[in-house]
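These protein sequence lines are chains A and B, in that order.
Sequential numbering of the first sequence, starting at 1, is according to the UniProt record's numbering.
Sequential numbering of the second sequence, starting at 1, is according to the UniProt record's numbering.
Hints are not guaranteed to be accurate.
Which residues of chain B face chain A? A partial, calculated answer using Cβ under 10 Å [to be verified]:
#1 Ala41
#2 Phe176
#3 Val197
#4 Thr200
#5 Val202
#6 Ala225
#7 Asp227
#8 Tyr235
#9 Ala251
#10 Pro253
#11 Asp374
Derived by calculation from the structure, the hints in this document are not laboratory data.
Every value quoted in this text rests on a predicted model; they were computed, and no experiment measured them.
The beta-carbon is built from N, C-alpha and C at its ideal position, and this holds for glycine as well.
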Amino acid sequence: MFEQQLFNGLTLGLIYALIAVGYTMVYGVIELINFAHGEVYMLGAFLCITFISALGIPLFPAIALAMACCALIGVSIDRIAYRPLRKAPRLAALITAIGVSIFLQNIAMIIWGSRPVPFPRDAVPRAFSETAFTLGSVSVSGLQVFIYAATIAMMIGLTLIINKTRVGTAMRALAQNQVSAALMGINVNRIIAFTFALGSSLGAVAGILVGMYYNTLSATMGYNAGVKAFAAAVLGGIGSVPGAMLGGVVLGIAETLGAGYVSSQYRDGIGYAVMIAVILLRPSGLLGKSVGQKA
Amino acid sequence: MKCKRGLVVALAMAAFFGMANLALAADVIKIAVPSPFTGPAAGYGDNVKAGVAMKVDEINAKGGVNGQKIEAVFFDEQCDPKEAATVGTKIAGDKALVGIVGHLCSGAHLAALPNYLRAGVAAMSPTATNVTISDKNKDAKGQVWSFRNVYRDDFQGAFLADYMAKTLGLKKVAVFYENSDYGIGLKDAFLKQAKAVGLTVVGEEAYMKGANDFTPQLTKIKGQAPDALFISGYYNEGALVADQAKKLGLAVPKFGADGLDNADYIKLAGPAADNTYLTAPFLAEKAGPEAKAFIDAFKAKYNRDVDWMSANAYDAAGMIIEAISKVGADRAKVREYLASMNSKEKGYKGITGLTFFNDKGDCEKPAFVKMVKDGKFVPAEKQMAN
């Protein structure tokens, strides 16, 4: 049973990680807690099933299209809601973020209704619902394998973009000091837009994977996921991309084991307790660096 | 100068529309419908809204009540007790609202109830099944202000335990329950009767509304090899429990009460929904000809199968409107009329059967058992003798 719980927790954790990465990147670059990120995740899932059921697009192209749309949505959110407030006190941007989140949630409710919507079963490859392999008492489904593979591939890709490309270098430079980066000839707004696009498309994938895994989507699904991903990002050290990945996985596994062995009633509580414990011991999170305040 | 003229125009317009409103107010009788229309429970609110709207449209198409049209005013309380208390204050304070169809959630109903008692306005809940409502709905004079067109949790919880043990002969059951007034009340009633009829409970797992991952609890329960799962909650989460149980290889019959009873349960759980047994206050297949007409009209209008919430809401609105038509648009008289429906002879004949109330405002409704078979709700082969 322990091994099974571990695999269950890993699935959940990788999905948290995928959302948390989007949070943490935006925070790293402009120090804004983007509360609307959970809604982008929700929109990604809904757009994907709409492409599948209304336009008849097969699953994988629909995922790609949903990612592209969410990238666009992420950039638009930044352009419309955050960029005008770039120089304003941070509290203003935070309030706007919450506003955008509520706005998007209600838009989704108008478009797709308030009832939960099932993920179109026919679009999901049959191999996903079958058991992929059995390890002792543990059975892992094809979909779980796909979730592991997709999230890990995505995170490797992201790490490469951040560490090996020019735009990644620019993102890291912005995270260190926006003014100096601008003086070095970096187009600050363009890099921020890129960050939003990247984070939002990863969020969309997470939403789609959750939709496929639980087979249920609802307009309000972004809120809970957003809070969990935020906790994961904080746990790992907000602003740190590898931290968010680790934080997501730790949170997912802690929650699952907590629900399995302690009490299901406290599952959220256990997740947050782990987060608080880590922050008490390591105020900057698991992989966060304790750097001084930025100039 | 320009500015002033604008002001005058605005004032004139305000006065005009204000008067238009007053003129309108004389022509309509308003009833309040507080339910969740946004937030996680909005799907249920939608069902109640559909049922009430059908009754109101039907009455208005026939010319209304005593020459006046009925208007349903919808209040969104998101199934949240805090919101419900606010909405309850608003409804209680607006004398134009003669009666109330609501609330949907037991927790919300309990939170809003004190306002209705103080202001003296009768509320008819189509769906709130929590037991404690029966004892919290009287004012200082001992008058009941809250009625309900649905049975209580202790009734359906005990009914399900009996059905599992006596009719189906099951032995071991695991329980999932939502951590809310509804989920806990239903679970407690179930556990009490389960003990009495010799069912062994091998696991009790709580979850919060909106939870979507039940694999840890199911993995744990699977080791205990239960014969059945009892889901004391609503269909969103229930469908996930069923689906994830199936994925983990736990292929046992599922049991649930009214909260699970929704066409969306099957849509969401897919093939995993099969072999789910539910108590239902309303069974389309066992319904009379009037109900058949309602079912068809509902399907034509909303393009989905009718659910028990809509049916109960339709009748709940029907009772309030009947009371208004008999005694006029007067809050106190409407209550008196509803309270006087206390025997079979004085009951209301609606599509969900004959409804009458005891001195606690509770009605006695029979329960049916239906089940999911090949992706469809069908009446269960074995019904309990009522």
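Inset, instruction - Output the numbers, in ascending order, of every earlier hint that fails for this structure. - result: Violated hints (numbers, rising): 3, 4, 5, 6, 7, 9, 10, 11; every other hint is consistent with the structure.
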